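Undergrad: These two chains come separately, so use the hints to put the complex back together.
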Amino acid sequence: MSDHTADGLRALVAAFLDTHDPNGDRLGFLRARFDAGLAWVQHPPGRGGLGAPPQLQAVVDDAFAAAGAPDNQPRRNSIGLGMAAPTLLRHASDAQCRRWLRPLWTGEEVWCQLFSEPDAGSDLASLRTRAVPDGDDWVIDGQKVWTSLAHEARWAILLARTDPAAPKHHGITYFVCDMTAPGVQVRPLRQATGEAEFNEVFLTGVRVPDAHRIGAVGQGWQIARTTLMNERVAIGGRPLPREGGMVGVLARLWRERPELRTAGLHDEVLRAWVGAEAARLAALRLRQLIAAGEPGPEGSAVKLSFAELSQRISGLEVELRGSEGLRHDDWTMRRPTEPDLLGRTATYRYLRARGNSIEGGTSEILRSIIAERVLGLPTEPRVDR
Amino acid sequence: MSDLLYDADEEALRDTVRTLLATHAPWQRTLAAVDGDDPYDATLWRRLVDQLGVTGLAVPAEHGGAAAGFREVAVVLEELGRAVAPVPFLGAAVATRALLACAEHTLLRRLAAGECDVTMAIGFATAPDLATAADFATGPEARPAPVTVGPGPTLTGRVSGVADAVPHGLLLVPAGDALYVIDAAEPAVRMSAVVSLDATRPLVDIEFTAAAARPIATGAAAADAVTAALTAGAALLASEQVGLAQWCLDTTVAYVRQRHQFGRPVGSFQAVKHRLADVWVELTEARAVARYAADRLGAGGPEAALAAALAQAYCGPVAVRAAEVCVQLHGGIGFTWEHPAHLYLKRAKSAAIAFGTADRHRAALARLVDLPPPVTATAPPGAAVR
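Protein chains in written order, with full-length UniProt numbering: chain Y, 1 to 385; chain V, 1 to 386.
Excised from the complex, chain V in its bound form (with noise of 0.2 angstroms):
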């Protein structure tokens, strides 16, 4: 049976995350950010990776990792939602499943290391079940990069709406019927900037011009670990969803406790208290499903991707109700650019299409617990209602 708590070893990590993120990314200084030229925090993720070792939590031992696991990750990932920090530790867990599934043991020995960063380039949005082995022989076109293999190999083409790429990284590009490394710092990598919703969690179009790549998967195995990553993508998103809408929870209620309307707290009215008990309950649910995913994700198989798909199916939607309802009940000041509440609006209702929306995985869900769409009926050719 999952363990769906949380070990001494697991809110331990939590308090060290917690602790560092107060005192070096309060939101005031993620707002400050998002107003300059360089939204991600590097200074932030030089101290989560060198201090704390982030990077480390899923790799085995043996490959210099600190043999901790997904659920380890999955509880940095509730502090950084918490936090709405811009560093990208999403994309590099992510990356850290495809690398595992690979058997990338040196690249893995260099990310637990800190010395470098890894992210898949897919776009954002792209769903678990996007990137099947049947997705990858059916052709080009159906797959989530659309980018040509040519002789050497080098890669070619177009990938938009990529989050967690940082310049001088490596990206892991899927492209033919392989998995690919490419370093973004070659000439032939260009990443452009795109303005995202989230501007705490940028996104990149990325274009290969004939860039050197070095396959690490080929055939099933590639379409494997690309499956296997967007699953932890899916699966681990949603434990960021509940640190942040544990924040605007907890702020939430601390606003309506000393806000005063009609000489009274405005968290007196049955109208607020309401919709806050609402979101209590849906994010008591939201971190039973959270953890499941994680814990199951360590097990890999059909169950992994279940619990990936109700997690998206369940957390997304929480997430962002938790946001609008800290916007709604903190009245005018939580629809100002000087108060946080719409750095969570914005990251929760992104993260809402990350991996798939809702919808697509509950499509996924129908699938995978044989609950199937009606079949279609063809309409005999001029029927006509009558």
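So here's chain Y without its partners, still in its complex pose (with noise of 0.2 angstroms):
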């Protein structure tokens, strides 16, 4: 058993450098670093893990950063990582385990997500893709919509009713869906920005052996949740510094551009900057909460003001820079991976953070999750269960 404290941890890493060059096979390295069980401390031997307490991943991520290792590109995976390990860490079976996990934490292997459908947005579990039994094998038909990294992806997380009979909560399950079958189609969904990070992805009677469905037949729903709450606690990886996100752009423009200045907008950067770091440090001390394992609810509050602030902050800089702010960039299509919030001009972040509100969970249902599972306020009637 080994000592799950921050300087045994650290140990462990420095004898594992020992014998593994860090600048070596890259994929070679991560792929030992999984097997050692320093990919997700937090997590059971076999799994990646040594089942160390969670806060101490950040002991093991430092120390190997520390040693130049090259790490796993988590943003280049982040639904896999952020949301498909999770459910199958809970969910899956040890053979599921075995064959998914590894290649999964090395981004050998990148993963997607078929839960939305053109009529099943935020009514998620009104959802109509098909699954139908057939010998070993599902068949799948249906159409999903949002899918962020379809065009990348080796694997997908999918959700299908089984049992259209029952109750729309009740008759949903959980599967794995291999994205190069026969039958999966993804076409790229242009966004009012021009590019397309997002994709349409069109299921044609693909056959989803057995063996990759996870937990029960109509628990799919149920599983549904742990991805879904995985989806809104994970807070970017590194906390930012004072200034760390698109307030810093804003910021710096009013002190390089004095002659954009006027009274108005100065008390609404002023606004900005206020409502930026009050979020910064509500962010930090959710970290620090679930560092002391008091995981409190106050993800959901974080994606909400994140959402917000970048609304407010984008619409802000494109107005400051005045007739700048008509002018855009490039409406090329493009299939990038991740926004490109920095780099790019202000009507591309201002365009850009008006999904912030949407994807992921809309403000308005996140509101309502945080009245009716954070303040236990009374649902309301519903004419669907």
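Don't take each hint at face value.
[To be verified] To spell it out: a stretch of chain V is covered by chain Y in this simulated footprint if at least three of its residues, at any positions, have a beta carbon under 8 angstroms from a beta carbon of chain Y; those stretches are:
| # | stretch |
| --- | --- |
| 1 | 273 to 287 |
| 2 | 368 to 376 |
[Said to hold, decoys possible] Chain Y side only, calculated, beta carbon under 8 angstroms to chain V, not exhaustive:
| # | residue |
| --- | --- |
| 3 | Ala11 |
| 4 | Pro103 |
| 5 | Thr162 |
| 6 | Ala166 |
| 7 | Trp273 |
| 8 | Arg285 |
| 9 | Ser305 |
| 10 | Glu380 |
What the hints contain is simulated information worked out from the structure, not anything from laboratory work. Note that this is a predicted model, so its numbers are computed, not measured. Ideal Cβ positions, reconstructed from N, Cα and C, are used throughout, including at glycine.
TA: Structure (structure tokens):
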């Protein structure tokens, strides 16, 4: 049994580095790191972890970073790491975990999420994609939408209806779908920014082996809640310094371009700065709560504020630029793996930020979640249960 | 890195204060006192001072204090805000910061021992940036207290809108280029009660007529002490505002869960839920901001000033919104005198002005983080709009 203290884990990393060259084969190094339980230390041995307290992950990451070791490029596989992995770890069989977790963590296999549909957005449980049993397989037919990374993904977590007669929350089953299987068609979905981060995914007679079913038939909705909770709680990796986000762009513009300043915008810039700093401190406090083992519901507050602030700040920046704010850099259709928030014109930031209060749960749905699950207020009367 | 959580000692202190307030300061008692002659609850104040030693929390052990610090002071203020308790603790904490800056150990010892009450004789709305060394140098009219110094020394003049000044206490009075101590019990000091918006924190106007005064700091040291005290006030008030907002949220949530209209709980309507969710989000952030301000206070320096300005730029309006939503979502009962919501609304609105409005603190931040205002271009003479 290893010593689950910060010093104990630093010693484990040091021992690992003695036998594995951080400047050698990148994938080999990452695979070995996973097998040594140093990928995500809080998970059990054999699944990339050591069963150590979660706050020690940062100690391990820092020790590897200090040694110049390659990381697993977490931003390239954000859905795999942030949503698929926690769900698999909680609900998948040992055989499924053995097949999927290591290449997911190392980034060899990128994952996407086939949840939302054209007629099932906020009301996800009304999804209509069908899964019909056929021998040892399920045959999937339907259409999914807003699928980030579908064009790069090897695997998808998929929700499909297996019992159309059951009440809508009970007839859903959770699968893992091979994105290279016949019948999977991925089409870019061009968004208001001109580029296509997202996709439409058409599933036509796609065969998914029953061995790729996660949990029991009809249990998909409960399992999906694990995924969705992780999506909302997942807040950007490293803590931001003051003025680290979009507010920094606005503040630097204000400082460098005195000719743009007006009294009215001055107050708005100051209000935005105050709001961004308050949100930053709240995110810092949330990390401290999680590290102290008291995961609070503050995650949803952080997501809600981030969306509103990024919209306010980017809108303000466009206005502050005046006539320059009329110019956009490029409407060319691109396929980015993540939005380039700091590298492009203010107009891009403004447009992309409109999505922040829609993706990962609309701000309206998040407010209802806070009201019901944090404050304990009663649900609205519903006609669909 | 600042610890923005509460440690075990701070949680224990909170429990003690909350229990004491639940027993001895229920809102019914506070509401009744508002209609009485003496809104400060002297009995409650003695309990806090004598039993819990709250005035010694920020005083170092070698001067008779508990050597805890301003983080603990902030926790006490959260609970006092939650109870809108009518006690002069905020004023005492602010004066403590000035006495620490002046190294006035004798007074600190007496304050910690609960032998005297001390308050700054500065208008409650005064922002920290109105008491900088530069203001001290530019002449009496720019100073927070337009009080003149006569031979003796004695002080003559008037300071209006002072909070937490209790009879027979000591007053710390900035005048000329120094900070003085004056005994409020002297006949040369006349305190007249003001009818204040927040009756749970009564204000007084103070008139000095050749009142005997003892200087405790002069020059830059005096100006620094006043600035440090007002900065502490701005920073610590944020914790009171967080406690107040938490009460407003908790009380409103409990009410809308049990109040039924249209055959269902009022709290099941989305229009109601979303307003409360917004209050919760803002309160979550305000708590982080207030903890940061309390934590940085002990360290002093520019970051303490920044954290205090941020605290009042953010937390004051959050508490006001929480109290306004509390009144609104209680419907008719929330607008009555018999329901405590108005006590919280008045406390919140007054507190948003105390130690400077949010706007003034945003202006302070503009200087502290280098986001300067526009340079006003002077129009050439005779230029007309065409």
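Undergrad: Could you run down the list of hints and mark each one as holding or not?
TA: Cross-check of the supplied hints:
no.	hint	in the structure
1	273 to 287	holds (count 11)
2	368 to 376	holds (count 7)
3	Ala11	violated, 24 angstroms
4	Pro103	violated, 36 angstroms
5	Thr162	violated, 32 angstroms
6	Ala166	violated, 26 angstroms
7	Trp273	holds, 7 angstroms
8	Arg285	holds, 4 angstroms
9	Ser305	holds, 6 angstroms
10	Glu380	holds, 6 angstroms
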